[in-house]
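Colleague: Protein sequence lines correspond, in order, to chains S and A.
For the first sequence, the working numbering begins at 9 and goes up steadily by one.
For the second sequence, the working numbering begins at 51 and goes up steadily by one.
Any given hint might turn out to be false.
Said to hold, decoys possible - Facing chain S, according to a computed beta carbon distance under 7 Å, are these residues of chain A, among others:
no., residue
1, Ile139
2, Leu157
3, Val159
4, Thr190
Claimed, not checked - Derived DEER-like restraints, expressed as beta-carbon distance ranges:
no., chain 1, residue 1, chain 2, residue 2, range
5, A, Asp324, S, Ile18, 50 to 58 Å
6, A, Leu232, S, Val30, 37 to 45 Å
7, A, Leu317, S, Ile18, 34 to 42 Å
8, A, Arg76, S, Asn10, 48 to 56 Å
Since the hints were made in silico from the structure, they are not lab data.
Because the structure is a prediction, the values reported are computed rather than measured.
We put the beta carbon where it would ideally sit given N, CA and C, even for glycine.
The primary structure of each chain is shown beneath.
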Amino acid sequence: MNKIAYSAFIAFLASIGTLISVQALSSDEADTASEARDITLDELAEHASAESCWKAIHGGVYDITDYVPDHPTDEEVILDWCGRESSEAWDNKSPGRPHSPAAERQLEDYRIGRLVDDQGEPIEGGEANDQTGQAASQETAEAAPDAAPSPAEDLRLHRAMLGQPMDGHYRGVFTDRGEIQVNITFDLRDGQLTDVNFRHLAYRGVDYLTLEEDEDLYPVMLQHRRITEWLEGEPLTSIFALYEPARVVDEVDGFSGATLRGAKVISAMRDGLNRGVYSWP
Amino acid sequence: MPLRLYRGDLLLIVALLVPLAVAGPRLGWPPGEAAALLGWVGRVSGILGLAMLLVTAALSIRLPGFDRWFGGLDRLWQLHRLLGFSAFILIMLHVLALGLARVPAGLEVAVLTLFPPLSQLALWSGWLAWLAMVIFLAPTFQFFGRLDYQHWKRLHMLSAAALLLALGHALPLAGETWPWWLLGALGAGAMVWRKLLSPSLARHPYRVESVESLARGVVEIALRPEVRGLDYRPGQFIYLTPLDESLTAGRGEEHPYTIASAPNDSLLRVGIKDLGDASHALQTVSVGSRAMIEGPYGDFFAAHYPQRDALWLGGGIGITPFVSGARGMAAADESRRVQLFYLANDADRAYYLDELSRCAEGVEHFTVTPHFYRQLGPLSESFLRHHCPDYADREIYLCGPPGMIGHLRELLAAQGVPASRIHCEVFDFL
C-alpha cells in the first residue's frame, strides 16, 4: 500500500508539474506574439526573406514566415513583399480588390508589433508608400502570367466560365450515385458572395449536418463549414479556389481523404448559377 | 488481511457511501463526453476521498470492545491505513481530474482552476489539507530515513489539521453539507477522544505487585488494580503506561503488551521481553510503582468455530496469549481439544514451559508439545503430524516472531490448510 500511495504521489506531482509547465511555456509564446512592439522600417527591412518574412500593413507589423508556404499565391510574389510596407499589396489582392475580412482576422494572429518612424511615431501604412506599392502590384501582374496560374487562380478563366451572373438569391445541388450530396444556397451582391449555407450535405446515407461533435466524420463537416465562411464576402470567381482545398481549409489530408470534396461544392454552386436567380434580393 | 467481513465493516461501507448517495442525484451517471467524464470523476473521487479521510480519522479511535467489531485493533488499524492511503490517492485523482476537465477551455483555465487567486480560501484550504497529508505521510514513505515511533506519532497529529482543512475546503464548495458535518464530527470526535480525553478517562490505575525474571531479558510483571480490574479474555492486550520515576526510558509512554494472566486472576500479568528502550527499562521497574492500563483490545481467540478443536503454535514472547489461554482453561468449561506447540530455541528459552506443562496435567483436553529449534531445526510437517495427526482440520492460532510466522504459514499452506482457518495477530509498525 505504501508503494502504491507513493507512486500515486509521484505521478500526481509529475502531472501537475506538466500541466503548469506546458501552460507556462505556451503562454510565454502568446505573450510575446501579442505584445505591441515598436518596429522601425530599418528593422523591418532585415526580415526580407523566406527564412524571416515581416510585412508592415496599415501600421501593424506581421511576421508571416510560417504562413508563406500556405498562402494561395505563389511564394515568389509573397516573398517579394517581405521586409517592406505592404499595405498596397494587401489592398490589391487582385487589382482593386482587397483581402477578405476572414483573411484580415487570420492576419491578426501574426501581429508582432507596430510600424514606427525614426522618431518613434507610428506610421499608418498605405499613402506614404503609394509609389512602391504601385510598382509592386505591377510586379504581381507581371509575375502571374509567367508562373502559369493554376485553374484555382486564373481570374480570366473564372470570369469566362461564369459569365456575368445577376445579383440575387441562388440555390443549387450536386447529385451523384442517386443521392443529393450537396445542396447549397448563396446570395450575390455586387458580384460578391454572401449568406453561403449548406441546405443539405450527405454521402452514402450519412447526413453530415446532423453529426454530433464526437463522431468520426464531424471534422469533414467542419471543413465544409469553413468553406462557406471563407467564401463569405469573396467575389464569385473565388469558388474555383476550391479545386485546391488546401488553399481554403486546414487539415487537408483529412479533407481530401474524405468523400466530400471541394469540386462538389463548386459543381453545386454552378448548378445554382445555371438555374438562374431563385429569388430576388 | 483475510477477506472476512465483520459487522463493523458494513458500518464503514455505509459511512463511506452516504455522501456519494446523497450527491448521487445531482451527479448522475458518468457522461460520455471526455471533459464531462473527467469532471464527473473529479467530483466523485473528491466525495469518496473526503469520506474516506473522515472515516479514517474516525477509525483512529481506541475504545475497548469497539475494536472487536472490526476483528481486533490490529485489523482496525490496517483498515485505517488502507482507507487513509486510498483517501490520499483519491484526493489527488480529484485534483487532477478536475484540472484536466478544464483543458478544453484552455490550459490557462485549467491551471487557474487548480491554482486560483489566493482570495479563494476554500480551494487553497484543500491544497493545505493535501500538503498536511504529504507531511504526516512522509515518514511512511521514508523520505527522511527510518521511522522513529514516537516522532511518527507526533507528526501524525498533523492529520487533525488535514481533517479541519479538508472540511474547510468541502463545506463551502459541496452541494450537500450535512454528510460532511456528520462524518467530520465523527472523525474529529475520535481524535479528541484519543488524544485529549482517553489519557485521563480510559486509563485505569494499577500498581506493580511483582516483577519475576523468567529468563535473560524476559520478565513477567504482575499488576494489582487500585480500584477495579479490567474484564478481559485470553489473547487480548493492553496499553501499559509506566509512571515509575526511576525508569531510564519510556516513562509516561504507552506501549502494547499481551495479557498473560487468566481472566479470573485478581492480578493482571504481562510477559515483557527486552526488545526496545521502553521494554528494556521495564525489566527493572520498581515494585510498588504506579502504571496506567488501557484496554483490553484485540480479538485473537475470537470464537469463529468454538466447537472445532484448536491448534496453538507459539514461540518467543508470542507464547503469552497462549499462557493466558492455558491459565484460564482450568476454570473455563470447554469441551474442545487444544494442543499447544511451544516453539523455542532450547529448553532454557522455553520460559513458560514448566507452568504450561502443569496446566496441561490438570486439564484433560489440553496438551503441550515443546519443540526445540537447536535440536530439531525448523518445525517440520512430520513433527506436527506425528504429535497432532488431525492438525489440518483444527482452528489454528499463530503468535511469534515474523520468521516463525512466515515458516508456519508456508508449511500450513503447502498442506492445503485454508487461510481462513489460520489466525494470527501481528503487531507490525503501521
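Colleague: Between Leu317 (chain A) and Ile18 (chain S), does the beta-carbon spacing fit 34 to 42 Å?
Modeller: 52 Å, violated
Colleague: Going by Cβ atoms only, is Val159 (chain A) closer than 7 Å to chain S?
Modeller: Since the shortest Cβ distance to chain S is 9 Å, the answer is violated.
Colleague: Determine whether the Cβ-Cβ distance between Asp324 (chain A) and Ile18 (chain S) falls within the hinted range of 50 to 58 Å.
Modeller: 40 Å, violated
Colleague: Against chain S, is Ile139 (chain A) within 7 Å by beta-carbon distance?
Modeller: Ile139 (chain A) check passes; min Cβ-Cβ to chain S is 4 Å, inside 7 Å.
Colleague: Restraint: Thr190 (chain A) near chain S, CB-CB cut 7 Å. Satisfied or not?
Modeller: 6 Å, holds
Colleague: Measuring from the C-beta of Leu157 (chain A) to each C-beta in chain S, is the shortest one below 7 Å?
Modeller: The hint holds - Leu157 (chain A) has a Cβ within 7 Å of chain S, the shortest such distance being about 4 Å.
Colleague: Okay, Leu232 (chain A) versus Val30 (chain S) on CB: inside 37 to 45 Å?
Modeller: 40 Å, holds
Colleague: Determine whether the Cβ-Cβ distance between Arg76 (chain A) and Asn10 (chain S) falls within the hinted range of 48 to 56 Å.
Modeller: The hinted range 48 to 56 Å is violated for Arg76 (chain A) and Asn10 (chain S), with Cβ atoms some 35 Å apart.
Taken one by one, the earlier hints fail for this structure at numbers 3, 5, 7, 8, listed in ascending order.
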